[in-house]
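Chemist: Here is what each chain is made of, one letter per residue.
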Amino acid sequence: MPGVFAFWRSHAAELAGLLAQHVLIVVISTIAAVAIGVPLGVFASRRPRLSAPIVGIANVVQTVPSLAMFGFLLPVPFLGGVGPRAAIVVLILYGLLPIIRTTIAGIAGIDASIREAGVAMGMTPHELLRLVELPLALPSIAAGVRVAAVVGVGSATIAAAIGAGGLGEYIYRGLSMVDTTVILAGAIPAALLALAVDAGLLWVERQLSTRRRTRSRRAAVSIAAVAVAAVLLSSGVVAGRAGGAIVVGSKNFTEQLILGELIAESIERDTGLAVQRRLNLGGTLICDRALMTGDIDVYVEYTGTALTAIFHQPIAPAAQLDNGLEPGTAGVYSRVRDLYSRSGRTLLPPLGFDNTFAVLVRGSDARRLGLKTIEDAAREAPHWRAGFGYEFLERPDGYPGLAKTYGLQFASAPHVMDLTLSYRALASGQVDLIAGDTTAGLIKGLDLVRLEDNRRYFPPYDAVPVARAQTLLRYPQVRAALERLAGRISADDMQAMNYAADGLHEDVGTIVRRFLDERNRGAR
Amino acid sequence: MFALQFRDVSFARPGGRRVLDHFTLNVESGEVLALVGRSGVGKTTLLKLANRLLLPDSGGVVVEGCDTSKWDPIRLRRRVGYVLQDVGLFPHMTVEENIGVVPRLEGWPAERIAARATELLDLIGLAPEFASRWPDELSGGQRQRVGVARALAVDPPVLLMDEPFGALDPVTRAELQKEFRRIQNQLHKTVIIVTHDMGEAFALGDRLGVIDDGKLVACDRGDAIVESLDPRVRRLLDATTVIPTSERASVRSGPE
Chain A
4 MPGVFAFWRS HAAELAGLLA QHVLIVVIST IAAVAIGVPL GVFASRRPRL
54 SAPIVGIANV VQTVPSLAMF GFLLPVPFLG GVGPRAAIVV LILYGLLPII
104 RTTIAGIAGI DASIREAGVA MGMTPHELLR LVELPLALPS IAAGVRVAAV
154 VGVGSATIAA AIGAGGLGEY IYRGLSMVDT TVILAGAIPA ALLALAVDAG
204 LLWVERQLST RRRTRSRRAA VSIAAVAVAA VLLSSGVVAG RAGGAIVVGS
254 KNFTEQLILG ELIAESIERD TGLAVQRRLN LGGTLICDRA LMTGDIDVYV
304 EYTGTALTAI FHQPIAPAAQ LDNGLEPGTA GVYSRVRDLY SRSGRTLLPP
354 LGFDNTFAVL VRGSDARRLG LKTIEDAARE APHWRAGFGY EFLERPDGYP
404 GLAKTYGLQF ASAPHVMDLT LSYRALASGQ VDLIAGDTTA GLIKGLDLVR
454 LEDNRRYFPP YDAVPVARAQ TLLRYPQVRA ALERLAGRIS ADDMQAMNYA
504 ADGLHEDVGT IVRRFLDERN RGAR
Chain B
268 MFALQFRDVS FARPGGRRVL DHFTLNVESG EVLALVGRSG VGKTTLLKLA
318 NRLLLPDSGG VVVEGCDTSK WDPIRLRRRV GYVLQDVGLF PHMTVEENIG
368 VVPRLEGWPA ERIAARATEL LDLIGLAPEF ASRWPDELSG GQRQRVGVAR
418 ALAVDPPVLL MDEPFGALDP VTRAELQKEF RRIQNQLHKT VIIVTHDMGE
468 AFALGDRLGV IDDGKLVACD RGDAIVESLD PRVRRLLDAT TVIPTSERAS
518 VRSGPE
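Here the protein sequences line up with chains A and B, keeping their order. Residue numbering for the first sequence follows my numbering, starting at 4 and increasing by one per position. Residue numbering for the second sequence follows my numbering, starting at 268 and increasing by one per position.
Some hints could be false.
[Claimed, not checked] Under the rule of at most 25 Å between Cα atoms (straight-line distance), these lysine to any residue pairs were calculated in the SDA-like manner:
1. B:Lys456 / B:Asp480
2. B:Lys315 / A:Ala115
3. B:Lys315 / A:Ala232
4. B:Lys337 / A:Thr127
5. B:Lys315 / A:Gly286
6. B:Lys315 / A:His129
Because the hints were derived from the structure by calculation, they are not lab data.
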């Protein structure tokens with residue numbers, strides 16, 4: 004716990020920014036959900052036959068796990084993509100169900116004689132709604148708004164996976180670095196925010212259900228005031244934080260966070276341009292999509308990943324490109340560069356290290372059984388358990404091909420687990436074999452042994468920045484800054500930086516600044 | 268000229284049961300007509316036909332010389348005051364706001380609505396400070412008075428009352444019946460009251476109509492009804508211990 008306070012102190016400005024983003028996303032999406040949900044609820048209660056389908060659809064939407072929902076929305080133009088806009092859309096969808104339901108319930112709960120009195124007195128349907136039904140349904144609707152807002156605070160943490168920012172950014176960062184302090188640094192304020200929103204809106208709801216219109220008015224005015232203040236304050240903070248000419252993205256594991264920060268810092272130092280960081284995006288395809296749509300301008304990809312996962316090219320021909328002597332580094336690079344250039348993206352020179360998949364076992368097992376290659380491990384596999392990241396399980400260059408190449412068969416189907424957690428799962432004996440990153444700092448830290456890919460199954464995975472061609476044309480100094488990084492990061496450098504983050508829990512910004520400072524001194 | 272006429276009206280509930288069967292009735296301007304019948308004979312249906320909450324299957328209902336099917340329903344309902352069985356005061360509005368609902372719909376200026384509310388509170392015998400009370404702060408009798416005031420707000424020529432005092436205790440009821448006669452002597456509205464209580468009908472009505480099996484089986488002054496030999500009228504009378512004038516109302520009768 005003391006670590007959390009220290010973290011907050013050293014990241015106070017960032018914390019305020021993330022909190023503001025979080026509040027902004029929730030407030031905007033809740034207001035929009037009310038604007039859509041209440042009319043839908045009124046419509047549904049006017050036409051009971053449509054009520055079931057409307058609630059049913061909202062129900063189904065609600066059951067879609069939020070990560071999946073972000074995934075569905077990725078390719079949707081205008082509404083989807085990455086960033087706060089997509090997060091707001093998802094939160095609106097989640098907010099609709101409680102609001103529609105409570106609107107219907109609030110209107111249905113009105114005494115029939117009261118409605119009849121309104122009609123008998125000559126109210127038009129619209130007047131009945133405005134003067135009788137909505138005011139009487141208001142406490143019920145307020146309860147729905149409260150649920151929507153509290154759910155929104157929770158879902159918004161997940162929105163960090165698509166680069167929407169908010170407190171979830173700490174949670175994801177902490178998860179990917181297996182650093183409980185960072186997780187708590189995001190989780191605690193998010194929980195407090197949810198409790199505060201719940202308590203505040205409960206108070207408003209109580210005010211409304213006293214049926215005293217004067218008080219209701221006061222309550223309505225105070226909500227409006229709080230909402231407006233929250234939006235103004237948050238957008239002030241967010242605007243102060245956001246405005247950057249160049250947006251740098253990254254995937255959601257330690258090495259990517261470090262590389263993202265490194266690129267951002269380099270661009271800032273070399274060009275003086277303002278850089279916005281949209282790090283920790285939830286996977287390869289999200290980053291690629293974000294680059295396509297212009298939500299980010301540059302991120303670091305791995306050539307083998309681009310070839311197989313993004314462009315769906317078979318691996319084998321790539322590996323044969325240089326007659327099987329070297330594992331096709333140059334061949335894969337040029338193919339991927341060509342593929343990127345066809346869609347307005349520019350592949351920059353490699354950073355200098357190859358982060359291929361490393362099939363890892365415990366050091367003790369390797370020494371005891373004399374394991375050197377994956378082929379050796381295939382002998383032991385039938386009484387082993389394996390644990391893989393979900394991406395590795397699905398990728399064309401991942402598990403299925405690996406199993407076929409080496410005839411791997413495990414005691415049970417491989418466990419799906421978070422890539423970063425799998426290192427610790429292996430070290431603690433929960434699984435016996437994993438597929439990690441060659442450059443992972445924890446390999447050294449946890450005494451793991453990498454088995455040789457003696458049948459050359461994996462293509463090369465050279466780390467390369469990929470950027471929008473437009474951005475590079477507009478800012479040639481950015482291209483120069485990125486090219487200056489060519490070949491500057493060795494596998495040892497990368498592993499050391501990863502270890503500093505994962506093993507020693509150092510701050511990513513600090514690690515990157517130290518690395519760049521040392522480089523510059525060396526260059527002079 | 269009749270203020271309200273039912274001409275050969277038949278009406279069946281959506282379920283199919285026939286409630287009114289060639290029902291004919293003329294109500295004169297300025298009279299109070301009390302319609303009596305057992306529960307479920309279609310008394311409330313009659314009132315709903317009069318302000319076009321329902322339209323007849325056949326025959327016609329004529330209000331102020333015009334068939335209800337030709338009336339704009341909103342305009343008709345604002346010309347016909349309606350006091351509901353269970354009052355139906357709006358719980359989120361003060362007494363003054365409840366009374367002012369129809370004037371507000373009619374676009375009256377605020378001062379005129381306030382003045383009218385004060386005037387009506389005085390008429391129904393409630394002190395001016397009741398204007399800012401909420402319905403849940405009122406007794407049953409006070410609520411009924413406000414219900415009457417609300418129905419009278421824009422001075423409609425016709426007033427429909429559905430078991431207006433049915434849910435009150437006998438003493439309060441007798442008091443309100445007396446008050447009603449007093450108000451009616453000032454205003455001379457055309458009033459239809461429906462009730463299952465013969466005692467109430469005698470207390471309030473200038474004329475009494477007896478409904479049985481979807482038809483009007485008798486319609487006359489109270490003293491004539493008392494003498495009636497029609498078995499359907501006698502059945503209702505026999506269920507009522509008729510006590511002279513003021514105590515009449517204290518007698519409960521009927522299946523409810």
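Chemist: For each hint, tell me whether it holds in the structure or not.
Modeler: Going through the hints against the structure:
1. B:Lys456 / B:Asp480: violated (29 Å)
2. B:Lys315 / A:Ala115: Roughly 15 Å separates the two Cα atoms, so the pair holds.
3. B:Lys315 / A:Ala232: Given that 25 Å is the threshold and the Cα spacing comes to 50 Å, the pair is violated.
4. B:Lys337 / A:Thr127: Holds, at roughly 17 Å.
5. B:Lys315 / A:Gly286: Violated, at about 66 Å.
6. B:Lys315 / A:His129: Given that 25 Å is the threshold and the Cα spacing comes to 21 Å, the pair holds.
Against the hints set out earlier in the document, violations occur for numbers 1, 3, 5.
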